Structure formats: structure tokens, C-alpha cells
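Protein chains: 2
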Amino acid sequence: MVRTRIGCDSLRSKVMSAQDAASLIKSGTTVGMSGFTGSGYPKTVPLALAARIEAEHAKGNPFRLRVWTGASTGPELDGALAKADGIEFRLPYNSDPIAREKINRGEMEYFDMHLSQVAPMAWQGFLGPLDTAVVEVSGILPDGSLIPSSSVGNNKTWLDRADKVILEVNRWQNSQLEGMHDIYYGTALPPHRVPIPLVKPDDRIGETVFRCDPAKIVAIVETDAPDRNLPFSKPDDVAHAIAGHLLEFYSHEVAKGRLPASLLPIQSGVGNIANAVLTGLVDGPFENMTAYTEVIQDGMLDLIDSGKLRMASATAFSLSPDAADRLNTDMGRYRDKMILRPQEISNHPELIRRLGCIAMNGLIEADIYGNVNSTHIMGSRIQNGIGGSGDFARNAYVSIFMTPSTAKGGKISAIVPQASHVDHINQDVQVLVTEQGLADLRGLSPKQRARLIIETCAHPDYRPALADYFDRALKHSYGLQSPSLLNEALSWHQRYIETGSMRA
Amino acid sequence: MVRTRIGCDSLRSKVMSAQDAASLIKSGTTVGMSGFTGSGYPKTVPLALAARIEAEHAKGNPFRLRVWTGASTGPELDGALAKADGIEFRLPYNSDPIAREKINRGEMEYFDMHLSQVAPMAWQGFLGPLDTAVVEVSGILPDGSLIPSSSVGNNKTWLDRADKVILEVNRWQNSQLEGMHDIYYGTALPPHRVPIPLVKPDDRIGETVFRCDPAKIVAIVETDAPDRNLPFSKPDDVAHAIAGHLLEFYSHEVAKGRLPASLLPIQSGVGNIANAVLTGLVDGPFENMTAYTEVIQDGMLDLIDSGKLRMASATAFSLSPDAADRLNTDMGRYRDKMILRPQEISNHPELIRRLGCIAMNGLIEADIYGNVNSTHIMGSRIQNGIGGSGDFARNAYVSIFMTPSTAKGGKISAIVPQASHVDHINQDVQVLVTEQGLADLRGLSPKQRARLIIETCAHPDYRPALADYFDRALKHSYGLQSPSLLNEALSWHQRYIETGSMRA
Chain A
75 MVRTRIGCDS LRSKVMSAQD AASLIKSGTT VGMSGFTGSG YPKTVPLALA
125 ARIEAEHAKG NPFRLRVWTG ASTGPELDGA LAKADGIEFR LPYNSDPIAR
175 EKINRGEMEY FDMHLSQVAP MAWQGFLGPL DTAVVEVSGI LPDGSLIPSS
225 SVGNNKTWLD RADKVILEVN RWQNSQLEGM HDIYYGTALP PHRVPIPLVK
275 PDDRIGETVF RCDPAKIVAI VETDAPDRNL PFSKPDDVAH AIAGHLLEFY
325 SHEVAKGRLP ASLLPIQSGV GNIANAVLTG LVDGPFENMT AYTEVIQDGM
375 LDLIDSGKLR MASATAFSLS PDAADRLNTD MGRYRDKMIL RPQEISNHPE
425 LIRRLGCIAM NGLIEADIYG NVNSTHIMGS RIQNGIGGSG DFARNAYVSI
475 FMTPSTAKGG KISAIVPQAS HVDHINQDVQ VLVTEQGLAD LRGLSPKQRA
525 RLIIETCAHP DYRPALADYF DRALKHSYGL QSPSLLNEAL SWHQRYIETG
575 SMRA
Chain B
75 MVRTRIGCDS LRSKVMSAQD AASLIKSGTT VGMSGFTGSG YPKTVPLALA
125 ARIEAEHAKG NPFRLRVWTG ASTGPELDGA LAKADGIEFR LPYNSDPIAR
175 EKINRGEMEY FDMHLSQVAP MAWQGFLGPL DTAVVEVSGI LPDGSLIPSS
225 SVGNNKTWLD RADKVILEVN RWQNSQLEGM HDIYYGTALP PHRVPIPLVK
275 PDDRIGETVF RCDPAKIVAI VETDAPDRNL PFSKPDDVAH AIAGHLLEFY
325 SHEVAKGRLP ASLLPIQSGV GNIANAVLTG LVDGPFENMT AYTEVIQDGM
375 LDLIDSGKLR MASATAFSLS PDAADRLNTD MGRYRDKMIL RPQEISNHPE
425 LIRRLGCIAM NGLIEADIYG NVNSTHIMGS RIQNGIGGSG DFARNAYVSI
475 FMTPSTAKGG KISAIVPQAS HVDHINQDVQ VLVTEQGLAD LRGLSPKQRA
525 RLIIETCAHP DYRPALADYF DRALKHSYGL QSPSLLNEAL SWHQRYIETG
575 SMRA
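Going line by line, the protein sequences match chains A and B.
So the mapping is simple: our numbering equals the position in the first sequence, first residue as 1, plus 74.
So the mapping is simple: our numbering equals the position in the second sequence, first residue as 1, plus 74.
Everything labelled a hint here was simulated from the structure, so no lab data went into it.
Certain hints may be false.
Identical copies carry no separate label here, and so any pair may be met within one copy or between two of them.
Derived pair list, reagent style DSS-like, types lysine-lysine, alpha-carbon separation capped at 27 Å [stated by the list, open to error]: (1) K157 <-> K521; (2) K133 <-> K549; (3) K308 <-> K290; (4) K274 <-> K330; (5) K157 <-> K485; (6) K238 <-> K308; (7) K521 <-> K100; (8) K330 <-> K308; (9) K482 <-> K549; (10) K549 <-> K274.
Remember, it's a predicted structure, so these values are computed and weren't measured experimentally.
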């Protein structure tokens, strides 16, 4: 028999089925769901809600919601609700393929936000009221406080702001998560904001649990379901080459005295390039490292196992099934080296700048001046969203963007004459790395950057065309601070749309 | 007889002519000059240096420098040095017309930076060593500490980082400036950074003077010269209309409970629209206001006189000659309501977000999705630079951009299908105002933003063409998150270059 995770007697009367809980959510309302990079999202209420929406639609009744989350969730949430055509408006991040397709067909409005700003903007009020919070927790304590799950995201804010609260208590989550979280309750709206008292990634500045007014809790659903932990594809040669360039850069900066020997807190996006970098650090010369980042992925566990990573602070896990097993099997050992915080804290500009994070993020394309497009394929089709990349890139000690130099088997160049959409302006892109090489753009003017990016980062197949574009722009541009040929600047993207390749 | 401003006996032996001081600066070196928005820059050493450079060039000898400042300076500095072809590399901001022309002809490398990042990046080391600081001060105290002038900018950092220091002691500056400044000495490189203990614009967290190792002071030049205070052009109808829309917005937000009755600390760019807004606030309903901004311009004095502005915190003055006279005549009264700080503090993301500034900045163009170009005319020709707009826009409580809807007598539309260069991504542009109206873009998806911007902000002469572009993009775009027609997106700019007008 499984012991219940609901330790608070007075709340047990709220236990009901996912269907009953879903019936408490009305069409046209705003729902704040838990979930960040596929962990800690509710697993059953959204599915029941999607079924209900489909049934209403079949009867000819409109039923759509405004859905807020931490970041990406799982197929049981974004996938199911999008498939049911149940999402009218979505913020702040999505990576679900069904929802993405709806957005790119113009059938769902999507407000793609800086992840640090979601909670404060929800408090500001202009996003409208939050009717219902649907939050996965890993348990409820006797005093009614809530043990967070495998992500924290915006849950504190949803619980505080929502008129009513639906909880999913997921016994699949490791019971030893209790105590790992650090929920900071010191935020406020201006003019009442004060310094956030965190000076190193190890600092605990809050509480281990969420507070929640029990009177607002309208339903509790007990679940036993895993997070969307996706199998992990091994880093390929390109990823290893990128990681190699980066490790060389770090060693060079340490040798120059521009980085401490233990580096500075690492922020790393997810994916196989990020994992290759983390794995590379396992064999690197840097000891006593820390991470101050959004998510803890497989490579972070390796770094902890190696004894080189002292502390990883994040807002969520994003693990492969194997790594999730590793973590769950040995949680007692890992938990002292990890802290999960609200995303407004994990991504806070104040803290990122104070700590001096080394930010490493991926991209879709960069232009020759180092402006980066992280979100829109060919300038108009959203891939995922800006996520936390802007929070980190602008405030980092060193802001690094990394990418293979080509995509789609060489038909797309990651380096283009002009970015078709800009998420990170050249001032926020200090180092650009591809498997071809690493361009240290710090302190360079646009023209100096262009020469270095073309020579160092572009794929040899595209280098001559980029150099030719830049040379002609130097002759014919309206101004020569950031030379451009407006008739050609976006022609590579247009050619890709028309022919399936950027090659001339 | 004028009493000397050099109160420290041991430093008097360093007094020399501007020519002798300029002779201490070597070709190929980096010079950190004082100066921010035309105030507090050295007036005589740069002129003497320019003469020396011209003489060397006449003899066929190369002589060029790397020049760092706070922000814009005056014709005696940027103008003279650029005219002499003496600047090889310039950061972080320029508004001098001669230097601008050199840059846009490709004859001077220009690194246009976020103003908050200049000092920390200088400490990071990748910008290279700083050989000489040339700093205007308003006096030297008996203990050798330096009374700052009419701007603070990066002077603390230049004095700390430079190998040698040249001071201009300008007796034109009001002696009552003493005590108005707040020089924070608590900055450090990570991992040693700590919270900056400022929670309201009135807070003093530092010292009133600069420290400077007397052994580094190689020259002192006594001057008596005014700042580049430019006559002030009265706000026109367009500026008043923009100000009117903004004041209505503020009242609406206060009524909704989304802004306090005293608003939040105001950040305001310079120029006649900004002054119109400040003047509008004189007659508005808001009391006990504060400003946390880069510069104190004419309108701020009016607001102080009206009793409605309690405190203005900035890094520099930017006044008309009349307003400078007003300030100097009545400094005793104004000085308790003003604080000048280093630009890394006036523009610090930590403080801007904590205080919740209301940011108001100008622009060159915005696209229909609200991406803003603040720097590059037709995508390639630099106007001034990004300055502090990125520091404020990303971290503000409300980030407002304002512009007349057209320029060049209607030949340029400030609203275009796609920005030809992006300095502020749509996430950082929350309110867009032209004389046509105010678009509150907060919480809207890209397509929702586009409809509102076209309807509300675009000039009627350009509105049909923008609506037509957007409608066709909705039909033919590759993706529909931010619909675009790549063949047309930059065609308005190309047409302007070819025909002198964006009109079809």
C-alpha cells in the first residue's frame, strides 16, 4: 500500500478525480499551470480538461483557455490542450510540436516572454486575473504547506495570485525532494522592492515549501506519473568540437587572469551541445565550480559525480530517463549539491549580473555582426521561444552563443548576412562558437566582428558568399557602421523558402 | 583675482599648460576621457592634443588613439579629435557630427555599448589597458580627493584604472557642486560582487568625491570654460501630443491601481519630446515624484520648481544655456534635490528593476511587431548609439518608446514592416507612442501588437500600406507567429535610399 503524500488531514476531503477537478475550470478563463522544461507539470488534470474541451466542441460549444506556465511542459499538457484546440492564448514559452504548429498556422496567440519577467508581470496586473492554478507538488505537509515537485517555475506566484487552486500530488516524484527547494518570499512590487540577499549559488534565502491558503484549494488529485524525460542523444563530433573550442577559451581566460580558476557560475541551455560542454568540463582543469542556471540536465549530474561541481542552482530538472533514474536512486547524495528556486530568482538580472554568470545558449542563426535569432525560423515561424536566454545573455560576465555552422544537412547556414529576426542584439553576444571555431567578439566594432565571424565561425561552404556580401556592402552600403545591402540582406532566407536551400 | 580650485599644496607643482599635458599622451594608446551628454568633459587638453595630432600628421607621422568616455562629449573633444583624424577606436557613445561622419565613412571603428556595462567591462580586462585618464573636475580638496564636475560618467573607473591621470580643474563649474555627487565604491568583479544598497532614488550610498592616487597625477590644467550647453528648441505640437497621450496613460494606470499616485521613478531620454513630457507633468496630478535617470535636463528643473519632483538621480546634466544659468544661480536650492552618480549605478539593471523605473526613450523606427531601431538609419548608418536605452528598457516597470510618426517631412515612416536594425526586441517595448496615439502592447502576441501599432501609432499616410503588408503577410508568410514577407520587409528602406522617400 502506498502511503498518501497528503499529510494535512483537513485537505483530504478535497481529493477527487482529474475529471471532477477539470470540471471546475471554466471556458474563457486563465489557468496558471506548473511545469518547466518538461518537469513538474500536472499530468492528469490537463488531459481531463482536454477531453472535456473536445466534448464541448463536439457539442458546438466554444471552450478555450488562456494558459500560463513556467516554461515548456509535456504532451499531456500543451500537446493535449493544443490538439483539443483549447488554448486561445499561451505564455511564456512553448516547445510542444502540436502547439507550435497551431501557433505557426495562426490559430493560437503566443506571447513569448523573458522568463524572469513572468511572475513580476503577473503581479503588475496587465496580464489580467489568474482564475485557476493547476500545480503539481510532491507532497503536502501536515500544516498544509506544499512540497514542490521537480520544477519550481512560477508556482509560488500562481498559488499566490490564483482565485482557486487545483493540486496534483504526484507520488512518482522522489520524496527526498523535500528540503531541496528554496522559495524566496521577499519579492514585491516597486516601490517596495529590496535587494535580493543572494551572493553565491549556494545561498539559501527562502523556505523549502510553498505557502498556500487552504481556503483556495478546490481540488486535489493524486497521481503517479513520470515527467516527460526524453532520451538523450549522445553528443556528435560537431558538439564535441564546439565544446573543445569553449574549454580552450576558458583555459585561455583563466591563464590571462580574466576568469578565476574555478570559473564563474555556469548557465547552460539544454541539448546535446550543452551536454557536450558539461561533459568536457568533467575532464577539464577547473575545480570547485558552480552553476547558476535554469535547468539541471544530464551533464550536471556527471559534473557533480566528478566532484568538480560544488553546487547547481536552477529552477527545474531536465533529465533523460536514465539520468532521472540515477538522480532518484541516489537523491540523498545529490540533494545537498542542488537547489531549485522560482524562475524569477534563477533568472533574475540582479543575480545574474552580481554572480557574473558564464552564459551558454544556443541559437537558430547569427548574422555577420553577431545579432542572434533564437526563436523565429526564416524570420516568421516560431521554434520555441526566447526563454531565459535574454535574462542571461544581457547580464552575463561572458555571454556565449553556440551552434553548428549549418543545419538541414548543409542547406541552412547558421551565419547569415542579416538575422531575419533578432532576439539578442550584438551588444549581448560576446562569444560566438561553431564547430569551425570560436570568435571572441568582446570590444570589437561591427566591422571587426563581421570579419572575425565570417573567418572563424561560418562553414567553408558559405564563407565565400558571406565575405562577398560583406565586401560589396562595404562599397555600396548607405552607412558604414554596420554595412548592409538591403535588397540582399534577407535573400538567403527567401531562397531557402523557395528552393529548400540557402545555397545560391 | 580668482581663488585656485586646487586645495592640495603638493599637487600644485603638477599644474601646466594644456599643450604640455597633451604631450604626455602617446600615439596608439588608450585614453579615458570624462564627459557625458555634453557636460563635464575636458575642454582644453583634447584641443591641444588635436593640434598636436594634426602637426604630427603634417609631418607624415601616424598618431591615433583609442578614446573611451562616459557618453557624448563636446566639439572640443570628439569634434576636434575626429577632425584631426586622431581617433582609431571609440567607445561607448558618440553624438558628435564630425565623428559620426567619420564612422559612417568607415574611417573610425566605433563600439556602441550599453552604458551600464562600460565600467565593469573595463575592469574585466578584455578592452585592454587604459593608459591615460583625462578628467575634468570642479576642484581638488586639501587631502587630494577630487570634486566631480557636471557629469560623473565613468570617471571613477578611469581614475582607478589608468596608469596616469591628467586633470582639468574647471573653475567655470559651480563650486556648490561639492557634496551633490554620490560616488559608490562598492563595486567589484565577481565572485566578489554584493547587493548595491540603494532602495530609493534619494539614497546616498557612496562618497561625495573621487579618490585618486596622487602619484598617478602627471598633469593638472586649470580651465574656465562652459559645458556644451545647446539652446533648447521649444516642444512643437507633435511633442505636446505625445506628452498628452503619455499623461493620459499614466492617469489611467494610477486609476487602475497599476501605478502609485506618485508614479514610479522616471527615466527620460533627452530632446524636446522628453522635455514636453516633463513639462506636462508640471501641470499633471502626480505629486512627490522622483527620477532615476541618466541626465537631468531642462524639464527636470521645471518639475523641481513646481514642487512635484522630490529627487532627481542621474549621472550628468544636459541643460540649455538658460537652464544652466538657472541652476548655477540657484544651486543652493537645487542641490538638495539632485544626486549625480557613476553611470554604472545610474544605469544599473539591478537598480532599475528594483526601483521599477518608468522608462521613456526615443527611437529611429519601430516595426509593426514593436521591435525598435534606436541607432542605425536605414539599417547601416549610425546616428548616435544605444546609450542607456537598453539598460532601462529591459528592466523598466513600464518601457515606453516615443517618436513622431514620420520624419523628413513625411518621407520616412517611423513605423515600418521590419526594423532595418534592432536595438530593442519586442519583449522590451511595452508602450509605443506617436502623436497619432499610444499603443499599450503589454501582454499581447506579435499579431495583436501589429494590429494595434498600425491602427494607433502609424501616420495615416502610411497606415494603408502597413495594413496591406500585414494582411498579405498573414496569407503568404512562412510562419504566422510574426508574419513577414522577406522580399518586401526592408523594401521601404531601400526605396528611401533610392528615391528619398519611403512612399510607394
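Results of checking the hints against the structure:
1. K157 <-> K521: Between copies, since 21 Å is at most 27 Å while 47 Å is not.
2. K133 <-> K549: neither (65 Å within a copy, 30 Å between copies)
3. K308 <-> K290: Intra 45 Å, inter 56 Å, cutoff 27 Å: neither.
4. K274 <-> K330: within (24 Å within a copy, 39 Å between copies)
5. K157 <-> K485: Result: close neither inside a copy nor across copies, 31 Å intra and 47 Å inter.
6. K238 <-> K308: Cα proximity of K238 and K308: none, with 43 Å in one copy and 54 Å across.
7. K521 <-> K100: Between copies, since 26 Å is at most 27 Å while 55 Å is not.
8. K330 <-> K308: Neither. Shortest intra-copy (33 Å) and inter-copy (53 Å) distances fail the 27 Å Cα cut-off.
9. K482 <-> K549: between (32 Å within a copy, 26 Å between copies)
10. K549 <-> K274: neither (50 Å within a copy, 51 Å between copies)
The structure fails to meet hints 2, 3, 5, 6, 8, 10 from the earlier list, while all remaining hints are met.
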